[in-house]
Amino acid sequence: MGRIPSALLVLVVVAMCCAVAMANGEGERERMFLLQDMKRVVKTDAGEMKVARSSKGWISDRPNIHVGFVTMEPNSLFIPQYLDSDLILFVRRGEARVGSIYRDELIERRLKNGDVYRIPAGSTFYLVNTADGQRLQIICSIEKSDSIGWGTFQSFFIGGGSYPTSILAGFERSTISTALNVSESQVRQILTTQTSGPIISLSNSHSDSQQSRVWTQFLEMRHRERVQCLKRMATHFEEEVTEEEEEPIMRKLLNSVFGKEVTGNHVRRSSKKPHSYNLFNRKPNFENDYGSSVTLDQSDYSPLKRSGVGLYLVNLKAGSMMAPHLNPTATEYGIVLRGSGRIQIVFPNGTLAMNAQVNEGDVFWIPRYFPFCQIASQNGPFEFFGFTTSARRNRPQFLVGSNSVLQSMRGPAFAAAFGVSEERLKRIVNAQSESTILPSRSASEEKVKSEMVSEAVGSFSDEMAMGFEGIF
Numbered sequence: 063m064g065r066i067p068s069a070l071l072v073l074v075v076v077a078m079c080c081a082v083a084m085a086n087g088e089g090e091r092e093r094m095f096l097l098q099d100m101k102r103v104v105k106t107d108a109g110e111m112k113v114a115r116s117s118k119g120w121i122s123d124r125p126n127i128h129v130g131f132v133t134m135e136p137n138s139l140f141i142p143q144y145l146d147s148d149l150i151l152f153v154r155r156g157e158a159r160v161g162s163i164y165r166d167e168l169i170e171r172r173l174k175n176g177d178v179y180r181i182p183a184g185s186t187f188y189l190v191n192t193a194d195g196q197r198l199q200i201i202c203s204i205e206k207s208d209s210i211g212w213g214t215f216q217s218f219f220i221g222g223g224s225y226p227t228s229i230l231a232g233f234e235r236s237t238i239s240t241a242l243n244v245s246e247s248q249v250r251q252i253l254t255t256q257t258s259g260p261i262i263s264l265s266n267s268h269s270d271s272q273q274s275r276v277w278t279q280f281l282e283m284r285h286r287e288r289v290q291c292l293k294r295m296a297t298h299f300e301e302e303v304t305e306e307e308e309e310p311i312m313r314k315l316l317n318s319v320f321g322k323e324v325t326g327n328h329v330r331r332s333s334k335k336p337h338s339y340n341l342f343n344r345k346p347n348f349e350n351d352y353g354s355s356v357t358l359d360q361s362d363y364s365p366l367k368r369s370g371v372g373l374y375l376v377n378l379k380a381g382s383m384m385a386p387h388l389n390p391t392a393t394e395y396g397i398v399l400r401g402s403g404r405i406q407i408v409f410p411n412g413t414l415a416m417n418a419q420v421n422e423g424d425v426f427w428i429p430r431y432f433p434f435c436q437i438a439s440q441n442g443p444f445e446f447f448g449f450t451t452s453a454r455r456n457r458p459q460f461l462v463g464s465n466s467v468l469q470s471m472r473g474p475a476f477a478a479a480f481g482v483s484e485e486r487l488k489r490i491v492n493a494q495s496e497s498t499i500l501p502s503r504s505a506s507e508e509k510v511k512s513e514m515v516s517e518a519v520g521s522f523s524d525e526m527a528m529g530f531e532g533i534f
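For what it's worth, our numbering labels the leading residue of the sequence shown as 63, then goes sequentially.
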């Protein structure tokens, strides 16, 4: 009984996909598994964020993942906020400093190319591009929370002014002034100054507002010094604050943003703080002459367990192929990082669902259970990265190759299913000696020719030997 929902899900998906294919025509069908609904959610002079929204409800796999792309100019800040969604950050290019709240404590990590880092839903965070003269490019999975139903995801900006609007501005001024124990005029000052957008420049030439200058000074401090310098920062910002006031508003606001981390003269330490993991430094799970693949799951990086998201990175050499296979445990989302290739996906009824050319920046998705393969173009390598909807170890089932289902189950049952003899099926299945990542067609043909030559030479040598035995 437990398998019926999955079977029904596949039937529903097939029916919907076929309906869409007939309605939209052959061209649309060929690209139906590409996420082309890209929405720009943030755009400022200092950077932008775009989101490729997930499939339109065809697949009910959890988590429901959207793919985000963050680009930040040098010396810029993505201002403090929290989301209704889990974030898994992957640094594609550049270096970053990320600060986030963990158990009421400010945790900061420096991230570099290939680093993976999780920010839980509801955790306040900020992001800074720290690389000198280099843009920061981050790809992230956005796991939509079930608690809020609107849009792709929702940001709640704590920092902000007139643009973006701080969530503190939604309260009555008297409420906030009472909560912070400051005057309403001071509340008005801090909640209307920022106008540069969610991603702001911290350089002197662009930081016109007092708030930007405060953030610049704050972020330039070392971690411990930052705590000790909050009073000086607050005093620099609050020029109108009198000596009689015990705690200026900027310090109070930073306390509310960064929790207990900034309330004393020392930094709290916890036993298990969030950490990052570098995907580029990980040893490949599989590697041969034709490419490599790396996977990251909860057994390698424990924070993934809470999100239920896995990651992978595949490099294919020119013309090579990730063998036809299926994922029995997860839906897969992929982003082309470099090069170009083709994605072929097959419906459960054995018809071709998609055979699309993909290039750098394209986003595709593979439904759970659907057979598929990726093929690099003949012009160069094909590199793609992505997320899966399961943090557990994925065990793909390969349909072709020396480690395939055909090899494991080779026998009279399969021979009868194909309507051929066991001997013929054996010759066909054994023709491919490679597994997982297969050589290009030209390389395969060369290998076949070489083996045929070797076999012919061996046969000729045997015949010659037999002839000489007859003579002597």
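Hint data in this document are derived by calculation from the structure and do not stem from the laboratory. Just so you know, not all the hints are guaranteed correct.
[Claimed, not checked] Listed next, with one range per pair, are the computed distances between beta-carbon atoms:
#	residue 1	residue 2	range
1	A477	V103	18 to 28 Å
2	S265	Q459	37 to 47 Å
3	Q196	R489	49 to 59 Å
4	K367	F342	35 to 45 Å
5	R165	G442	21 to 31 Å
6	A477	G423	24 to 34 Å
[What the hints assert, rightly or not] Simulated pairs of lysine to any residue, SDA-like, Cα-Cα distance not exceeding 25 Å:
#	residue 1	residue 2
7	K105	S185
8	K112	D99
9	K345	Q251
10	K367	A183
11	K367	T391
12	K105	T186
13	K112	L242
Glycine is no exception: its CB is placed at the ideal position from the N, C-alpha and C atoms.
Hint consistency between K367 and A183 [alpha-carbon to alpha-carbon, up to 25 Å]: With Cα atoms ~14 Å apart, K367 and A183 stay inside 25 Å; holds.
Are the Cα atoms of K112 and D99 separated by 25 Å or less? holds (10 Å)
In this structure, is the beta-carbon distance linking K367 and F342 contained in 35 to 45 Å? violated (22 Å)
Would the pair K112 and L242 pass a check requiring their Cα atoms to be no farther apart than 25 Å? Violated. K112 to L242 sits at ~35 Å, over the 25 Å cutoff.
Okay, A477 versus G423 on CB: inside 24 to 34 Å? For A477 and G423 the Cβ distance comes to about 45 Å; the hint is violated.
May I ask you to test the hint 21 to 31 Å on the CB atoms belonging to R165 and G442? For G442 against R165, whose Cβ atoms are near 47 Å apart, the range 21 to 31 Å is violated.
Could one say that the CB atoms of Q196 and R489 fall in the range 49 to 59 Å? holds (54 Å)
Taking the beta carbons of A477 and V103, is their distance inside 18 to 28 Å? Violated, since A477 and V103 (Cβ atoms, about 55 Å apart) do not stay within the stated range.
Taking only the CA atoms, is the gap from K367 to T391 under or equal to 25 Å? Roughly 15 Å separates the two Cα atoms, so the pair holds.
So if I understand the rule, the pair passes when the alpha-carbon distance is 25 Å or less; does K105 with S185 pass? holds (23 Å)
Has the given pair, K105 with T186, been kept, meaning a C-alpha gap of at most 25 Å? Between K105 and T186 the Cα gap is close to 21 Å, so the pair holds against 25 Å.
Straight-line Cα separation of K345 and Q251 no greater than 25 Å? violated (52 Å)
Hint violations for this structure: numbers 1, 2, 4, 5, 6, 9, 13, all remaining hints satisfied.
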